[in-house]
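S.K.: Modelling step: build the complete structure from the supplied sequences, incorporating the hints.
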Amino acid sequence: MTGQPLLSVRDLAVEFGHGAATSRPVDGVGFEVGEREIVGIVGESGCGKSLTLLALLGLLPAGGRVAAGSITFGGKDLLGAGPSVLRSLRGRQVALIPSDAGAALNPVARVGRQLRLSLRTHQPQLTGQQRRGRALDALRRARLPRPEQALAAYPHELSGGMQQRSAIALGLQNEPRLLLADEPTTALDVSIQAEILKLLVHLRDELGSAIVFVTHDISTVREICDRVVVMYAGQVVEQGGVDEVLTSPRHPYTAALLGSIPPLGGVPPEQLETVTGMPPDPGAWPGGCRFQARCRRHLSLGEPEECTSTWPGSADGISVQAACHFPLDASSLEEVRR
Amino acid sequence: MTEPLLSIERVSHEFGARRALLPGRRTHLAVDDVSLSVAAGESLALVGESGSGKTTLGRVVAKLLTPTGGTVRVDGRDVGGLSGRELLAYRRTVQMIFQNTQHAFNPRRKIRDILADPYEIHGLPAPGGRDAALGELLERVGLHASMLDRYPHQFSGGQRQRIGIARALSLGPRLIVADEPVSALDVSVQAQVLNLFARLRRELGLSLLFISHDLRAVYFLCERIAVLYQGRLVEVAPRERLLEHPLHPYSRRLIAAVPGLGERDSAEVSAADAPAAAPDAGESTAAAVAGAEPVTGVGCHYASRCPLHLQLGRPERCLTERPALRAAAGGSAVACHFAGDEPPAPVRSVVSEEVG
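Residue numbers (the working numbering), protein chains in the order written: chain A, 121 to 458; chain B, 16 to 371.
The hints are all genuine.
Chain B stretches covered by chain A per the calculated footprint, using a threshold of three residues with CB under 8 Å from any CB of chain A:
1. 201-210
2. 229-241
3. 267-273
To give a feel for the contact side, a few chain A residues facing chain B, derived at Cβ under 10 Å:
4. GLU343
5. LEU377
6. THR394
Bear in mind the hints are in silico, worked out from the structure with no lab data behind them.
Only a predicted model underlies this, so the values are computations on that prediction, with no experimental measurement involved.
Idealized CB from N, CA, C, for every residue including glycine.
M.R.: Given below as structure tokens:
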């Protein structure tokens, strides 16, 4: 990455509750997104990846608050920004593509009306004629077949893939600099999923928008992302270039995630590699490394004391590739894989 | 070859068929003349996109739906006319597991009661006492006997799916129909549940009809893969054969769509598909929006999206004659007039030139 990143997140923490009942589902997350870059955030349910995304937009669910850290977008501090500044950014410069498009679209308004409404909100200078043209254009860009018909359709009249394309059109029509995509393909079939992934790459190329792509499926990351951020228990455990992280992961958790993908081709293994046990509870994070209780490397090294006593990452959550006292190298990776 | 455990013979299912006599009613042929068989101990996958009829076919096999045409045989016996005691016996042989674990259980009942149901319904004494049997069931699927007094909401999605598997196993079935049992789960939890299926198959010699759109899961678990498209069986083949030599153009497209296949350069291969795939994909759905029937009864359903059809200069035969399933090399069977055994190398480039 060269020059100033478009988005910079440092030491971000999100808290819920008060006093003894305080939980920190996001705890010291840091990453950067450059112009025109696609960054994947990967992790299991409950690792804090979606909350991180919502915190960026200032849209945390009720009771949630940013307890620490900084978010800078295009040189502007987002956390200190007032509601009016945030409103001017949301939709216009930063747009969200939700995971369940069916639920995100208004069921009682035609797709065209929803697109025009968003244009009127974010770009009031446009005339009605221009808005209609832009809406049609956005649907075309989202590769909806027969966009004129889709404009006049209610969401329930569209298939799941077409609903997702409409939601993407809604996000991209204001040509934002940053698109936040929260599991945009999980509700879809594999063949449609592949098309939506390709569409995201096309949009980056056409509009020059950067994309943050949140998913639990590390194999989709390989398809489209330039860099990847792996989250576990509210923290970033590994980040780096996609090829680097996915071919030679340094954190045992990343290696385990990759090992749990069933291989395609050859003789299937008798058992897939799995991470045993469950992630810890956000209300009671363990000290030291949070993955240690499930970590096979920790076990094979004779349960070294550092793992339970000190957090192996950096304070800002960004300056090391892998937050592990004993990161994997080529030979230990082989061992883990066996 | 010995008689297959399950044989599906020319099964069709049409939704709304009975009401179709009334004016203005439309019917939907969800499964269209499909024949398949599963040997004892074998695992067969049904793959295809939404609307391919894979779930409907699974429900027909589990006898949750009565097909409007064709016959399902288990151990050579037509299961269509079963009732009373014989139907109960059939239900002990074939059990079903569902995708949505949140809705598969009554939220107000404890796991103990949920798992005891099969014994009650079938009037069977549990071997060695009910509690011991239920505890053993839970241990078998990797949970603890101490969890019997919990409610469904106290479990995670992966754990609930294990309970669904335990319930299906309680009567010692020989065939399990699993409808997308892992698609709602996190990738890491998916691996655990897939491992459980693999282990149960080894330990109990279960046959499996595994319905999924995830080729990776299917390849791990099933020896043979059947590809459905809009209610029709387009190809069935041993897993290695299907992956390495897919014959039907639709099978090829399914395989190209698998994310993260091999190295990153495979993304470029499938990217070549994108311009053709994207507009085509919505075509049929868009037609449905407009109220038009996306496919007609004659010819090949896939012709309008088929790169091979295009490459061959849109032969008339694809539009007028329904391709029959025919045997091909390596144990494959394919329903396509023109699919050969040659590698599909030139197909993609032609498509991107003409459409892209």
